[in-house]
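Could you put the whole structure together from the sequences, leaning on the hints where they help?
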Amino acid sequence: MDGFADATHGDPEPDHPWAGLVPALLDDAAAREPAARAVTDAGGSWTYAELSAHSRAFDRWLRDRGVAPGERVVVRVPTGREQVAMLYGTVRGGAVFVPLNAAMKPYHLRSVIGNAEPRLIVVDDGSVEMMRGLGPVPVYGLGEVWEQVAALAAEGAEAEPARISAADIAVLVYTSGSTSAPKAVICPHAQMTFATRSIAAVLRYRPDDVVFCRFPISWDYGLYKVLLATLAGAELVLADGEADLLLLKRIRECGATVVPIVPSFAQMITTLARRESEPVTTVRMFTNTGAALSDAATEELRRVFPGSRVVRQFGQTECKRVSIMPPEEERERPQSVGLPLPGTRVAILDEDGRPVPAGRTGEIVVTGPHVMPGYWRAPELTAASFRPDPETGGTRLHTGDYGRLDEDGYLYFDGRRDDMFKRKGIRMSTLEIEAAALDIPGVHAAAAVPPSGRRDLALCVETELAPHTVLKELAGRLEPAKVPASCHVFDRLPLTSHGKNERAKLAELLDGGAR
Numbered sequence: 001m002d003g004f005a006d007a008t009h010g011d012p013e014p015d016h017p018w019a020g021l022v023p024a025l026l027d028d029a030a031a032r033e034p035a036a037r038a039v040t041d042a043g044g045s046w047t048y049a050e051l052s053a054h055s056r057a058f059d060r061w062l063r064d065r066g067v068a069p070g071e072r073v074v075v076r077v078p079t080g081r082e083q084v085a086m087l088y089g090t091v092r093g094g095a096v097f098v099p100l101n102a103a104m105k106p107y108h109l110r111s112v113i114g115n116a117e118p119r120l121i122v123v124d125d126g127s128v129e130m131m132r133g134l135g136p137v138p139v140y141g142l143g144e145v146w147e148q149v150a151a152l153a154a155e156g157a158e159a160e161p162a163r164i165s166a167a168d169i170a171v172l173v174y175t176s177g178s179t180s181a182p183k184a185v186i187c188p189h190a191q192m193t194f195a196t197r198s199i200a201a202v203l204r205y206r207p208d209d210v211v212f213c214r215f216p217i218s219w220d221y222g223l224y225k226v227l228l229a230t231l232a233g234a235e236l237v238l239a240d241g242e243a244d245l246l247l248l249k250r251i252r253e254c255g256a257t258v259v260p261i262v263p264s265f266a267q268m269i270t271t272l273a274r275r276e277s278e279p280v281t282t283v284r285m286f287t288n289t290g291a292a293l294s295d296a297a298t299e300e301l302r303r304v305f306p307g308s309r310v311v312r313q314f315g316q317t318e319c320k321r322v323s324i325m326p327p328e329e330e331r332e333r334p335q336s337v338g339l340p341l342p343g344t345r346v347a348i349l350d351e352d353g354r355p356v357p358a359g360r361t362g363e364i365v366v367t368g369p370h371v372m373p374g375y376w377r378a379p380e381l382t383a384a385s386f387r388p389d390p391e392t393g394g395t396r397l398h399t400g401d402y403g404r405l406d407e408d409g410y411l412y413f414d415g416r417r418d419d420m421f422k423r424k425g426i427r428m429s430t431l432e433i434e435a436a437a438l439d440i441p442g443v444h445a446a447a448a449v450p451p452s453g454r455r456d457l458a459l460c461v462e463t464e465l466a467p468h469t470v471l472k473e474l475a476g477r478l479e480p481a482k483v484p485a486s487c488h489v490f491d492r493l494p495l496t497s498h499g500k501n502e503r504a505k506l507a508e509l510l511d512g513g514a515r
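According to UniProt numbering, the sequence shown is numbered sequentially starting from 1.
Keep in mind that the hints were calculated from the coordinates and are not lab data. No residue lacks a Cβ here, since even glycine has one placed at the ideal position from N, Cα and C. It is possible that part of the hints are untrue.
[Unchecked claim] No more than 27 Å apart at the CA atoms, straight line, and that leaves these computed lysine-lysine pairs for DSS-like: (1) 422 <-> 482; (2) 505 <-> 424; (3) 505 <-> 472; (4) 105 <-> 505; (5) 105 <-> 500; (6) 482 <-> 424.
[Claimed, not checked] Ranges of calculated distance between the beta carbons of each label pair, as one might list FRET restraints: (7) 492 <-> 422: 25 to 33 Å; (8) 244 <-> 475: 29 to 37 Å; (9) 129 <-> 418: 31 to 39 Å; (10) 490 <-> 42: 29 to 37 Å; (11) 354 <-> 161: 47 to 55 Å; (12) 35 <-> 466: 55 to 63 Å.
If you want it as C-alpha cells, here you go:
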C-alpha cells in the first residue's frame, strides 16, 4: 500500500450516533445507571445522578450571571469533581469551557485571557486577587461558587434547555507551541463526541472499569478520560494532586483497572511497585501517549502489574487521536503506534504533498470527522496546519509529525519536525537517540538535545552510570554520527506539566554551562 491507511478496527456500535453533543454523554450515563459511581477525588465521590445534578446546577449558576451560548468560561482550579461538573455544566448551556492548568503563571495567563476574552473566570480561592489583577473580567473563587452550586443542586435547580448544535464549540484547549502567542485548539461537540466514540470502539472501556487519571483536565489526555469514562459508565478516579509516593497506594486502594500513562509516570509507578511485596493485579490496561515507551519500560510494566496490557497510542489535540494499537495486538509490532481511528484516514506525504511508498518516512497527514476546525483567532496558524483535502474537499490536518506506514497500514512514529535534525550530513531524530539510551541497563530517563550554535548534540540522562559509560554503550547501538558528543547526568530531568521532556529548558541549562 502506498502512503494511505484507513481504519480497520471496525465501526463502533451501530446504535451510537457518530455526531452528538458532549452533555448527552452524561445524560445517557445518568439515565442508565444513576446510582453508579461516576467520579472520585481526594474529597469523596459522586454518582452519575449527583454529577448530573451538579452539572445542571452549574449551568443554572452561569445563566444567572448572564453567560450566553458561545461565550467562554475560563476555569483554573485543581483537578477534582467540581471541575468535571463545570465541564459538563458549561457545555450544557452552549457556553465554551476553557480549562487552564492550575500551575499556569500570570505571564501566560494574561495573554491567554486576552485571547479567549471570557465572560467570567473561576479559580481556586488563593488565586482570586491575582487573577483580578490581570484584567476587568469577573473572577469568582471556587469555594464561593461551589457553595452556591451545591445549594442549587440540592434544590434540583436547572436552566431551560439551551439551543446547541453539534457544530458549536464545546471546549478551547490551549496548547504549547513554537510561538510565544497563546494557541487554542477549537473543539466542537461533533468532533469531540466522534473522537470519544471512535477511541472507545478500540479501547472498549467497561461499566465496571475504574479509570485512574493522573493528568489535568486542561490537557486533552485528561479531558478525554472524563468523556471516555462517562461514555462507558465507568468510575473516574482523579489523582492529579496526589503526592508521587502515594500514587501506587491510590491505584491499589481504588482498584484501578485502566491507567493512562506517559513514560515518566510509568517509570514512577514501576519503581514504587518493585518495592512492594504484593503486586497490583487489578490493572488490565495501561494506555500510553505523549512520548514513546521504551521496550524495557513496557516489559517492566507487564512484569510488575501481572495480567496488564500496554496499549500504544499517537495523537494531537488538533484531532485528539490519530492511531491506537488494538489491545489484543499490543505485543505485535512493538514499535508501531497502531491503526488509524475507525472512520478516519492517515496518509504519509513527502515535501511536495505526494504519497510515499510503504516503509518510507514522510509527514503524517490526517483526515476524518475528528479533525478540528483550527486554532482560535489564529487564521495564519490554522491555514498552515488545516488545509483543503483535494480528494474530499474537506479539511486535512498536517501534523508536523513524521512517520511511516507498513504494508498492513500500521503507523510508526519517527518524530516531530522539531525533533528531526541533520548532523554530519545524516538526518536523525531525538527519539531514536533517546530510545537507544533507554535500552542501556541502568538508564532510567533520557533526553537528546539537538545541536545549536557552537554546542554539539548532547544527551541528558537519569542514571547511576558514568557519562563515558553511557556514550560507550550508545556507540554499540547507534551509527557514529548519531552518538552524542557529550552526556550529562541529572538527578531529575525537567519535564513539562504533561510529563514530556522539556528540551528547551535542557538546552538553556547546557548553553548556560549550568552542568
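Tested hints:
1. 422 <-> 482: holds, 10 Å
2. 505 <-> 424: Holds. Residue 505 to residue 424 sits at ~25 Å (cutoff 27 Å).
3. 505 <-> 472: holds, 26 Å
4. 105 <-> 505: Holds. Residue 105 to residue 505 sits at ~17 Å (cutoff 27 Å).
5. 105 <-> 500: Measuring from Cα to Cα gives roughly 19 Å; hence the hint holds.
6. 482 <-> 424: Status holds; Cα separation ~9 Å.
7. 492 <-> 422: 25 to 33 Å: Hint holds: Cβ distance 30 Å, inside 25 to 33 Å.
8. 244 <-> 475: 29 to 37 Å: holds, 34 Å
9. 129 <-> 418: 31 to 39 Å: Hint holds: Cβ distance 38 Å, inside 31 to 39 Å.
10. 490 <-> 42: 29 to 37 Å: The hint (29 to 37 Å, Cβ to Cβ) holds, given that residue 490 and residue 42 are roughly 30 Å apart.
11. 354 <-> 161: 47 to 55 Å: Given a distance of about 49 Å, which is inside 47 to 55 Å, the answer is holds.
12. 35 <-> 466: 55 to 63 Å: With a Cβ separation near 59 Å, residue 35 and residue 466 satisfy 55 to 63 Å, so the hint holds.
Checked against the numbered hints above, the structure breaks none of them.
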